[in-house]
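**Student:** Okay, here's what each chain looks like letter by letter:
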Amino acid sequence: MSILINENTKVICQGITGSAGTFHTRGCRDYGTQMVGGVTPGKGGQEIDGIPVFNTVVDAVAATGANATMIFVPAAFTADAILEAVDAGIEVIAAITEGVPVLDMVRVYEIVRERGVALIGPNCPGLITPGECKIGIMPGYIHNKGSVGVMSRSGTLTYEAVWQTSNEGLGQSTCVGLGGDPIVGTSFIDLLKLYEADEQTESIMMIGEIGGTAEEEAAAYVAEHVTKPVAAFIAGRTAPPGKRMGHAGAIISGGKGTAVEKVNALQAAGIEVAESPADMGAAVVRAIAKKA
Amino acid sequence: MKIHEFQAKELFQKAGVTVLRHVVARSKEEAAEAYDKLGTAIAVVKAQIHAGGRGKGTIVEIPEQHGVQLVKSREEAAQVAGNLLGNTLVTIQTGAEGKVINQVLIEEGCDIARELYLGIVLDRAVQQPVLMCSTEGGVEIEKVAEETPELIHKEHFDPSYGLQSFQVRKLCQKLGIGGASVRVADRFMKALCRLYVNSDCSLVEINPLVVTTAGDIVALDAKVSFDSNSMYRQKDIAEYRDVSEEEPTEVRAAESGLSYIKLDGNIACLVNGAGLAMSTMDIIKLHGASPANFLDVGGGADKEQVTEAFRILLSDPNVKAVLVNIFGGIARCSTIAKAIVAASQEIGFEIPLVVRLEGTEVEEGRRILEESDVAIITATDLTDAATKVVAAISG
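Top line first, the protein sequences correspond to chains A and B. So the mapping is simple: the numbering used here equals the position in the first sequence, first residue as 1, plus 188. So the mapping is simple: the numbering used here equals the position in the second sequence, first residue as 1, plus 75.
Fair warning: there could be bad hints in the mix.
Listed below are several chain A residues computed to face chain B (Cβ distance under 8 Å; list not exhaustive) [what the hints assert, rightly or not]:
hint, residue
1, Phe-265
2, Val-290
3, Val-300
4, Ile-325
5, Met-326
6, Leu-345
7, Ala-477
In silico lysine to any residue, SDA-like type, Cα no more than 25 Å apart, as pairs [as the list claims (entries may be wrong)]:
hint, chain 1, residue 1, chain 2, residue 2
8, B, Lys-218, A, Asn-452
9, A, Lys-381, A, Arg-301
10, B, Lys-310, A, Ala-263
11, B, Lys-89, A, Val-290
12, B, Lys-229, A, Gly-400
13, B, Lys-218, A, Gly-445
14, B, Lys-378, A, Glu-286
Here chain B is said to cover these stretches of chain A; the calculated rule only asks that three of the stretch's residues, wherever they fall, bring their Cβ under 8 Å from a Cβ of chain B [unchecked claim]:
hint, segment
15, 358-372
16, 400-413
17, 461-468
These aren't lab readings, by the way, just hints derived from the structure by calculation. Glycine is no exception: its CB is placed at the ideal position from the N, C-alpha and C atoms.
Produce the complete structure using the sequences and hints provided.
**Tutor:** Structure below.
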């Protein structure tokens, strides 16, 4: 198995008629994803490369049985697009769009949680189960079907980690780019639960970055609930503290959020921490050896 | 996006949040007139820059002059304004280069009974905005948060419903606000939370928040910043932007859709994606050198953007080598490669250029670089790239 998506996942693209939407719909279909439709209000009835376009997500779901979506609509309309997908009963939503107003996401988050929908992003590369289903913008060829669950707050750094685990001969079960915004639909902990329960996933790679406390919370969860080997990397360990977000930003995290704090929390939870971004694949190998 | 204190106070007034009477002055004469207009014996002259710590900060040209000062006559108001205007203020938040003061705020004095702290920010862990208050106002609030976190009281609120009265009563109890002042606090705090939501703020901070001897609650300071992603629907607030407060190269980069932060090392980095950009800085440091910048060219980087990125990088005289690290996703390696060739023809690279390409259309990208006559040191992975670029500056 894998988590969230597999060969049976039927995917639509919201914003399919935009240039990014069209380009990446093709990319996903060429990878082997079942791209069953697209949505652009007012453009229903058209076809893009033989893929039918609908006016609403409800129409698309009724006609195609879609259960996942990737969203490429402009930032101002992203919250609405996510809620439309939730309303239509879509189970997995990958919001690729960057620049979504934070307060829009505060409101959307609450509804998504209430309805039990898996929202990935916004401002993320999407997710992929290698060899089965790619929903997003990541380069497919660097992935190999395998056993590492990769989750990350950063897009391109995820590719780096994936590439390194592929080079180590491990491959990946499902890779998820959580997104870089202050509020994203899915957290490390949500995915740790899924990876822990997934048979195909034998180890987990977590890629975090400075700011916030998501990594510290994930570390605490790993210590309590995760039996599988976990490796991690924190980006920005050498970033100067110069760019500060004002007093209140520092207060809310109660002194947490620095790279040193995060690394300490991860190590205390028994997680193998990669020293450099070139060491991520090797760190997974070390984590597996430690648990063996 | 940050704004000045006087602009924040304008927003406060519109929102029904009490501030003291004040006048903005851009010259000594205006400052003297402002003192007369206020008509109070004591007034305060405050430097207007986008950074905190002004009271303790000092003027580079006149080291004994701080950024905030009490004045007791029109002559004194003019003199202090003269000391501040056009000069550079250095505070703990400005960095050593400081910021030039273009305007001052002249504000009436008031009878302070107590100094409190109030801040509104997004709590990422709870995924909701949070109103924070403390009895420890007027001091460095980070220290309070670190040493005595129990003195910071928090109430989260749903942006759709706003702060509730019972939450204000809870906070008032902890802050020791009683009697008629509770009703004043209710109006004050709710108005601020509404402002935070309606104006798409990322931070609202008042330090100190003052309780006057008459029991009134007043925002003595005002610091507000906004979610830049929301400026398309906050046109009035977007007008408050003061570009002169921002780093010129960062403004120039932002205009081209690039995210650039200048640092003080000598290896320039051109990377796609913020996480990979930070990691590239990390690995340069791990190899014993220092990055000259953070630069994320973003996903949709085209030839023009990448050329502009090179122009910005090479305009930094400290730069001794450039490291390009691209892992193509949305960004295609072929586009980046074409841009490198074009930039080289336009600008001409006189310093070593190390390029590591991987990801979407990598074969095509490598072919373009090989067939060009640009002198490039190619690298296969991150370690290789860092090793080669560090060797290039040491050689």
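**Student:** All hints are to be evaluated individually against the structure, with a verdict given for each.
**Tutor:** Hint check results:
no.	hint	in the structure
1	Phe-265	11 Å, violated
2	Val-290	5 Å, holds
3	Val-300	10 Å, violated
4	Ile-325	5 Å, holds
5	Met-326	5 Å, holds
6	Leu-345	4 Å, holds
7	Ala-477	21 Å, violated
8	Lys-218/B with Asn-452/A	22 Å, holds
9	Lys-381/A with Arg-301/A	16 Å, holds
10	Lys-310/B with Ala-263/A	16 Å, holds
11	Lys-89/B with Val-290/A	23 Å, holds
12	Lys-229/B with Gly-400/A	17 Å, holds
13	Lys-218/B with Gly-445/A	16 Å, holds
14	Lys-378/B with Glu-286/A	21 Å, holds
15	358-372	holds (count 3)
16	400-413	holds (count 4)
17	461-468	holds (count 4)
Violated hints, in rising order: 1, 3 and 7; the structure is consistent with all others.
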